[in-house]
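Now for the letters of each chain:
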Amino acid sequence: MKKRAWYGSVWRFFASVKLTIFVLIALALSSIIGTVIEQNQPIESYYIEYGERWGDIIRTLQLDDMYHSVWFVAQLVLLMINIIACTYERFPPKWRSLLRKVDDFDPSIIDRFSNREAIELGATLGRARDRVIEVLRKNRYKIKLDRSQGDEVKLYASRGLIGRFGSDITHVSLFVIIIGAIYGSFWGYRDFRPILVGSMIRVPDADFALRLDKFWIDYYDTGQIRQYNSLLTVIEDGKEVLTKQIWVNEPLYYKGIRFYQSSYGTSWNRIKEAEIALKRLDSNKVDPPFSVKWGEVSKVPGSKYSVRLVGYVSDFAFDERTRTVFSKSGETNNPAVQIEVYNGEDLIARPWLFFNFPGLIHAIPGTQYDLVLMGFRTIPYSGISITKDPGTNVVWVGTGIMGIGFFLAFFVYHRRIWVSIKASGNGTIVRMGGVINKNPLGFEREFKDIVEAVKETDSRA
Amino acid sequence: MTEPKVIMSLMFFTMAFAFYAATALFYIGYWLLRREWIGQTATIMAYIAALATTMVLIARAGESGHAPFSNLYESMILFVWAITIGYLWLEHRYKIKVIGAFVMTISFLAVLSASLLPYRFKSVEPLNPALQSKWKWLVGILEPMGLERYAIGWLDFHVFTTFIGYAAFAIAFGLSIMYLLKERFEARKKGNFLVDSFPETRILDELSYRGIALGFPFLSLGIISGAIWANYAWGTYWSWDPKETWSLITWFVYAAYLHARVTRGWRGKKSAYLSIAGFIAVVFLYWGVSFILPGLHAYA
Ligand code: HEM
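Line order of the protein sequences matches chains A and B. Sequential numbering of the first sequence, starting at 0, is according to numbering that gives the first Met the number 0. Sequential numbering of the second sequence, starting at 0, is according to numbering that gives the first Met the number 0.
Chain A on its own, in the form it takes in the complex:
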């Protein structure tokens, strides 16, 4: 088949190993950028750190998320095209030539190998042949050709042919890995949920729920943290189907989704109970505190009032616009609880009590009484990472194939030896030549050993 000129040169460009080298080096160099510029930050932060001009450049070239940028992915695509073109171009001919059956050869090729030797033996043709075959077999060669023509015997033997396919298998494995990675990035997700002890969450993209029964930390005797643990229960159709203790590096795996221990903390919007005390403004005396549980009503001892605990924030903040209270952070910087104060059945106030600023808001307005937040019991939460990546197993299969490919490519060498044995006078002349695809230094040695072993034929006879 004849290709048109431009078509052929484009094809050769895409199939060339030079392109491979350039793309690999370009990938290496450009990958450095992403390790110097911190990735996936809010875009403003680049302007703050690098200034207006570089900020623009970073944004235009997508350097803030460069491993997913058009130009970076384009390099990977180019590499893939390169592998496809290269595989198509080179490998079938390579396979054909490797797998072709050798039924004869011209003995003069032996003189072209750099590993060659002519040996004179006293043995007969038949004995010399048997001996050479024995030596080659002992060195784990397979005899591929054994042909007698008059007073000449030709042998061809090889070993490690399969090693030649190592690079092809490696290239195929790259495909499998990349397909797995793409598949996973389209069909998987990564999520994070803080779960309060005793509460339940619905798992995204799945038909079951997850409950955190317990969270605790183990310590070494020295006081250093040994491990973070959570006890999780999977709930499906209202039934508990599985309970498992997870810790860092020991996730729960259920129906293709993994749940990891990834952080912990205390809830910023709920507590178990609060300790509140009645304060008499006239005498400035504080009564002993009483406790009130989340959502429940408690009588305030020594008064006619009762309170209900309805709100909590760990770091008080107020949004002007929506007129709502929220927590600025997960830290316990400015904790406050909200209570409802009742006089009998009547709701008379809904004040916030600040732990750090007692008396800031008069809890029971128009009276000589105030309420003070003395303490509270927080609820721990466990931060659970939830990941689903259905491509992971494909990637692992790919890496397995790659392992096989590497083993064959780097540790199995293809060695070939051609032998011509001719009767000469009373004895024979054995001419041998050999090549290896890799590790020529090692082969020189092996070839010498084989030659020596053949020479020994005489002394043994």
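Only true hints are included.
If the Cβ cut is set under 7 Å, some of the chain A residues that face chain B in the computed set are:
hint, residue
1, I20
2, I24
3, L26
4, T34
5, Y66
6, N248
7, T398
8, F409
Just so you know, the hints here were simulated from the structure itself, not pulled from any lab data. Don't be surprised by glycine CBs; every beta carbon is placed ideally from N, CA and C.
Once you have looked at the hints, place chain B with the ligand on chain A.
What follows is chain B with the ligand alone, placed relative to chain A:
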């Protein structure tokens, strides 16, 4: 809190340090003066240094109760150990001692930098939560014997294979430098006493390729086992953190090297430069990333 005992390992480390210094000196002496006895002494020193390094690793394992590669200092020792063992194998196989002047000097420099690390890197510490992962099947086997604390996991495997790779690259780097030196004088067609004792360029080129052909699959194993471990610890096998990315950069450079050899015109000098570039990437991957770039990796 009791100070963990690191006396034994420090003692062996001091011994190793002395022997590496001597080894490097004797190999360089052999290269410059070409006396047989200097070369023989160098080899003996190298064997003792290798033995001492092995003892440091064993002593560390005993002191800390886990595989001895959980911080920068320990990983440096593993690195030096692997280079030295690799070199001694090379010398045994090919009987070319001048190579020692380059490779064992790298070993010595590595030991030197390990010794300069601040003390906090040298003390033994219990593993932090993210570094604990053991193969359950192995724990299962060891448990009845009461040895389960010696079980290893993906992380140990990851560090071990990565460092075998680094060491092979280090040896290849030394050989590539020798190649370039020799090639330069050969090109000028004149002898030079510094490089006359080097093996032929063809052999230097080949041996350096063999180093990379060994290092590449091991680095790949390291990256893959790291990915497996990350999949457990961080929930994703690849997150483009600086260490991961640099390992990939290194991997790309060496992949370029391997393909350079497929194309005739890129053999020899160009591939020697790629091998050097690759090793610079390794050094950055190993030290640079730990000290300069932020990331999730604790040390190695
Ligand atoms: C990251 C991408 C790649 C990796 C990891 C890779 C891996 C490998 C490996 C391990 C070998 C064996 C090397 C040796 O035996 O010394 C090899 C050989 C080879 N690769 Fe690649 N390769 C990649 C991309 C490519 C591309 C894009 C091409 C297209 C031109 C290509 C063409 C070749 C050729 C022609 C050989 C020699 C094959 C042989 O002689 O049997 N490779 N590759």
